[in-house]
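Participant: Next come the chains, spelled out residue by residue.
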Amino acid sequence: MTIDQRSAPAAAQRATARRILPPPVTGQEIVLVGVIAVLWILLGLFTPAFLSPSSIQPLLVSVAPVALIGVGMTFIIITAGIDVSVAGAIMLCAVITAKSLVDSNLPLLPAVGLSIAVGLALGMLNGVLTAYGRVHAIIITFGTANVFQFLALRVFGSSTVNGIPSTFDVFGRGEAGRTLGIPHSFAITVLVVAAGWWYLRHTAGGRHLFAIGGNANAARLAGIKVQPRVMMAYGLTGALVGLASCFFIASGTSTLDQAVGSGQELAVIAATVIGGTSILGGRGSVIGTLLGAVLVQTVTSGVTQLGWPTQLANLFVGIFIIVAVGTDLLRERARRKA
Amino acid sequence: MTITSDGPAVSPHNTPRGPAPKSRGFFSLVLEALVTQRIVLLGVLIVLVLIIMSVLDGMGMLSGAFNADYLAAALINLVPLAMLGLAQLLVILSGLGGIDLSVGSMVSLTGVIFGFAYGIWGWEFFPALMLAILAGAACGAINGSLVSYVGFPPLIATLATYYAFRSIALVISNQKPVNSIEIQNFYSAAQAIELPLIGGSLPLVPLGIFTFLIPCVIVVWLLLNKTGFGQRVYALGTNNVAAIWSGINVKTNRMAVYVLSGVISGLVAVVTVAQFASARPDAGTSGNGMALPSITIAVLGGVAIMGGIGRVSGIVLATLLIVWVNAGILLAFPGNDGTQFQLLALGLVLILASLLNGLTKRKYGGI
Chain W
414 MTIDQRSAPA AAQRATARRI LPPPVTGQEI VLVGVIAVLW ILLGLFTPAF
464 LSPSSIQPLL VSVAPVALIG VGMTFIIITA GIDVSVAGAI MLCAVITAKS
514 LVDSNLPLLP AVGLSIAVGL ALGMLNGVLT AYGRVHAIII TFGTANVFQF
564 LALRVFGSST VNGIPSTFDV FGRGEAGRTL GIPHSFAITV LVVAAGWWYL
614 RHTAGGRHLF AIGGNANAAR LAGIKVQPRV MMAYGLTGAL VGLASCFFIA
664 SGTSTLDQAV GSGQELAVIA ATVIGGTSIL GGRGSVIGTL LGAVLVQTVT
714 SGVTQLGWPT QLANLFVGIF IIVAVGTDLL RERARRKA
Chain X
5 MTITSDGPAV SPHNTPRGPA PKSRGFFSLV LEALVTQRIV LLGVLIVLVL
55 IIMSVLDGMG MLSGAFNADY LAAALINLVP LAMLGLAQLL VILSGLGGID
105 LSVGSMVSLT GVIFGFAYGI WGWEFFPALM LAILAGAACG AINGSLVSYV
155 GFPPLIATLA TYYAFRSIAL VISNQKPVNS IEIQNFYSAA QAIELPLIGG
205 SLPLVPLGIF TFLIPCVIVV WLLLNKTGFG QRVYALGTNN VAAIWSGINV
255 KTNRMAVYVL SGVISGLVAV VTVAQFASAR PDAGTSGNGM ALPSITIAVL
305 GGVAIMGGIG RVSGIVLATL LIVWVNAGIL LAFPGNDGTQ FQLLALGLVL
355 ILASLLNGLT KRKYGGI
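These protein sequence lines are chains W and X, in that order.
In this note's numbering, each residue's number is its place in the first sequence (first place is 1) plus 413.
In this note's numbering, each residue's number is its place in the second sequence (first place is 1) plus 4.
If you're looking for bench data, these hints aren't it; they were derived computationally from the structure.
Predicted model only: the values in this text are computed from it and were never measured.
Some hints could be false.
Stated by the list, open to error - Derived coverage of chain W by chain X (criterion: at least 3 residues anywhere in the stretch with Cβ under 8 Å from a Cβ of chain X; other residues may be distant):
| # | stretch |
| --- | --- |
| 1 | 502 to 509 |
| 2 | 551 to 560 |
| 3 | 646 to 659 |
| 4 | 732 to 745 |
Unchecked claim - Residues of chain X clear of chain W, computed beta-carbon distances all greater than 12 Å:
| # | residue |
| --- | --- |
| 5 | Phe31 |
| 6 | Ala72 |
| 7 | Ala78 |
| 8 | Phe130 |
| 9 | Leu159 |
| 10 | Leu208 |
| 11 | Thr256 |
| 12 | Val327 |
Unchecked claim - One side only, chain X facing chain W, incomplete, derived with CB under 10 Å:
| # | residue |
| --- | --- |
| 13 | Gly68 |
| 14 | Val154 |
| 15 | Ile160 |
| 16 | Phe169 |
| 17 | Gln179 |
| 18 | Val209 |
| 19 | Ile252 |
| 20 | Asn253 |
| 21 | Phe345 |
| 22 | Gln346 |
| 23 | Ala349 |
| 24 | Ser358 |
| 25 | Leu359 |
| 26 | Gly362 |
Ideal Cβ positions, reconstructed from N, Cα and C, are used throughout, including at glycine.
Chain X with its partners taken away, still in its complex shape:
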């Protein structure tokens, strides 16, 4: 981007949106980059959080050390959150009010099913994992067929299945967590490991990052950016009618998005079973559940709630921001206060991010 482009001379880059830039100061360009490029904003915010927390740490106002080890350990919360954020990304991208309130319930239900298979029926890990994925896909297929074939508004369809899946999870498990010895040993899948080769000088990183999160991020990124399916999802969300007229099988593609959301929820269920060392029937629904944070992350990551706009990188950075802010808050406000201030931070971040999305749309014509 050029910093000064005087007069009506043909600018080297085409800016199709917004008023034609005449002579613009450095700050207005920085401001536009911050407001319109969500990645830039998130990057700046993450750096800000790290600086502020380090300063507080230096002043001795924290109850623990805010260092690389602590930040790496906090990444264990990144895995489920970022994966569900990706699930929300796919669903919201597909447009027509796409949203999935049932991700938390699907996590609970598939987690219990995985717990039964792995912990009680004595299945091997991979068949049990496949079962969890299949169960998630089946749940997602219910959502998807309700939304895309019957024509339910996604909010209603997933609200109904939120109730239904949550209830089934609690009833089939008799409201008791599955924590047989196999499940307890499964905790090893969530522990922190030292990276090979260069790991000696780096902090320990939770294993789930490599076994679940990174593959998931790569697959979703490839799907969205390198396949026809991804292009069709963007097309659906941008203009459903245009997508129909350009010959896209709208129904199948929209259904696929919900199935994928279910599959990711199934994977998250396995991750949470490992983290808790127990298959809890309320894993995804206790407290505020997992749906709300995942939607928050999607909005914060710059996904337009009306569909068609959103990127994988936004989701990952938004989750990183949330996870580290939460970790910092826990140090700044020990005990019960910490979890309460996390609520405040999540709420304020969501409101500000969405107001910013609205402002961006008005001022610069879109994210």
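Same shape as in the complex, but just chain W:
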């Protein structure tokens, strides 16, 4: 069952011979690779320090959490949903994990497990409400965003969490966070992206997500269990938020303040749509999301290194969203006409 049937009759003829698969790399991804390459070369020319390991490594570390959550967000948006509660969920996962690190000095794996479990629970809550409440996802997740933020602030207790032990340094910016010069958090993210790519492209469950986003009613009539699939997408995002929260804790100092996660929901959505995932559902790729996250972080870090006002980065993010989605719209229009 595929959605992306550019030449339906021809594909149908070949269907008996072999499985029909969308191309492994989409046009949007090739364009993004080109744009990122051009940006890196330009930045390298203007600020020679940009293309050095000491500049690229922090860039990759900051890409990691956005791209990681972006994998889940891509799954959700492919099903024609959206999750704007990410920032609140990060805040709650991070503060619970940080508190338990401080209070009971958890070792690395149980701490990561705890964070993922909390995130999974929050994601499942979104999933249940969205899948079974039959309410548009943006409304539900706006609501849960507030509730998560409230819970997180209660756990914070109107002060920062101080004296976090260095358990998470393996995910951090420092020397402990790298093997052979590659940041661990980025490596984990690439692995998750690869798994997500394989799942979306090569398994029935992944193709079901595309079918649901294309037409949920048709998908149900075709025998797909729509609600469990949708719920799973939100649960996955929650679990990835949990993992990413560990990266956020690691990227700070030994203090966690209440601004953690703030604005990340829009950053993740921006990375996802820049990566070519259609907000209307039924189309998208996790590799694009990773590239989108790299592009957004490149712009942010480039603006800083050029000595421009930091706030200008958001203007470029907005422009990139418009350009990326705009070219995608034009391509789609041309495809329809053809």
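Since chain W is already given, all that's left is putting chain X on it; use the hints.
Facilitator: What follows is chain X alone, placed relative to chain W:
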């Protein structure tokens, strides 16, 4: 509505939707009114909130007096919220996933522009106000042309402009608020006043209610209910294809809705400048921003997120409910706790309201 209508006799009122009512109890009718008539539900909820808070006040569990003066003073928060709720109403009504995430950024940007004109360049008030409105309209026109002429999904277009406008506001103001002496004196536009004639026996009401909110409510109500434009907006949101085939200029009308949202944001910017006595470049985007509360109010006010359904009265009552609940929470949980519980209340109200919208649709076939 008749309370008992036995048998299949022709009922005096036509109920086209839902199962044919046979003999129905009083409670099921009340329940249907509560669930299907959002105005009724909001009215009941507002009364409930007032009763609960008064009881708590009587038991001495509040940190301040919950009386008419306090309620009237809380109305100062009603002005920007209700106006942005109306902006969301217009945009969401137009359908095709219409939503405006950029209202907060537009408030920030036009507020800074107004601050420059009024506070630094020394413009008179009305030219400066016109400039703010024009700037808002220009921002809205960008959203509108992206959505209606280029075909962007509204969520994406306004997400992009949310980033862009917010960034421009911070960059042109150099991240510093404009609070020259003119702007500080402008606070008089937001102060509470005594109503003429009957005002002596009533609490002081914030001036913005009369100068900004009520005119805005009347204009939007007239637009939606008494003009062809309003009918076309409902038509767009109900069925876009049908609207095209009935000869409506879909693109122009949809664009106009976003421009109006920008204009209202420009007016809100002037209101917030007056309230803060300072043109802050993050006025509409700090914290959770203004977009989220305005969308919450639209949903709570019974606006269907898919478009075509929604009323001005729902928006006003929903805002009133939120504002008074928030005011009550501040008394019940003083200090930092209060703002935290406001988040909880906003979130729960939004989730419950949207679940209720979904339930209503299934059980009674629409709001």
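Participant: With reference to the structure, classify each hint as holding or not holding.
Facilitator: Verification of the hints:
Counting residues of the stretch 502 to 509 of chain W whose CB falls under 8 Å from any CB of chain X gives 0; the rule of at least 3 is not met. Coverage of a stretch by a chain is defined here by at least three residues with a beta carbon nearer than 8 Å to that chain's beta carbons; for the stretch 551 to 560 of chain W and chain X the count is 9, and the condition holds. Requiring three or more residues with a Cβ within less than 8 Å of a Cβ of chain X, the coverage given for the stretch 646 to 659 of chain W is violated, as only 0 such residues are present. Given as covered by chain X, the stretch 732 to 745 of chain W passes the check, having 6 residues with a CB less than 8 Å from a CB of that chain where 3 are the minimum.
Chain W leaves Phe31 of chain X outside its interface by the beta-carbon criterion, the shortest separation being 25 Å against a cut-off of 12 Å. No Cβ of chain W approaches the Cβ of Ala72 of chain X within 12 Å, the least distance being about 29 Å, so the stated non-interface status holds. Residue placement check: Ala78 of chain X keeps its beta carbon more than 12 Å from all beta carbons of chain W (closest about 20 Å). Distance check for Phe130 of chain X against chain W: the nearest CB is about 31 Å away, which clears 12 Å, and the non-interface claim stands.
With a minimum CB-CB distance of about 6 Å to chain W, Leu159 of chain X fails to clear the 12 Å threshold, and the non-interface call is violated. The Cβ of Leu208 of chain X sits about 31 Å from the closest Cβ of chain W, beyond the 12 Å cut-off, so the non-interface label holds. The claim that Thr256 of chain X lies off the interface holds: its Cβ sits roughly 20 Å from the closest Cβ of chain W, which is beyond the 12 Å cut-off. With a least beta-carbon separation of about 16 Å from chain W, Val327 of chain X lies farther than 12 Å from that chain, consistent with its non-interface assignment.
Violation of the interface hint for Gly68 of chain X is found here, the shortest Cβ-Cβ separation to chain W being roughly 21 Å, above the 10 Å cut-off. For the restraint placing Val154 of chain X at the interface with chain W, the shortest Cβ-Cβ distance is roughly 6 Å, inside the 10 Å limit, so the hint holds. The closest approach between the C-beta of Ile160 of chain X and any C-beta of chain W is roughly 5 Å, which is under the 10 Å cut-off, so the hint is satisfied. Residue-level restraint check for Phe169 of chain X holds (minimum Cβ-Cβ distance to chain W is 8 Å; threshold 10 Å).
The closest approach between the C-beta of Gln179 of chain X and any C-beta of chain W is roughly 7 Å, which is under the 10 Å cut-off, so the hint is satisfied. Because the closest C-beta pair between Val209 of chain X and chain W is about 29 Å apart, greater than 10 Å, the hint is violated. A cut of 10 Å between beta carbons decides the hint on Ile252 of chain X: the least distance to chain W is about 22 Å, and the hint is violated. With 10 Å as the threshold, the beta carbon of Asn253 of chain X stays out of range of chain W, its nearest partner Cβ sitting at about 21 Å, so the hint is violated.
Annotation: Phe345 of chain X was flagged as interfacial toward chain W, and the flag holds, the nearest CB pair being 7 Å apart, inside 10 Å. Of the supplied interface hints, the one on Gln346 of chain X holds, with its beta-carbon coming within about 9 Å of a beta-carbon of chain W, less than 10 Å. With its C-beta approaching chain W no nearer than about 8 Å, Ala349 of chain X sits inside the 10 Å limit, and its interface hint holds. Because the smallest distance between the Cβ of Ser358 of chain X and any Cβ of chain W comes to about 4 Å, under 10 Å, the interface hint for this residue holds.
Because the closest C-beta pair between Leu359 of chain X and chain W is about 5 Å apart, less than 10 Å, the hint holds. Hint status for Gly362 of chain X: holds, given a least beta-carbon distance of 5 Å to chain W, under 10 Å.
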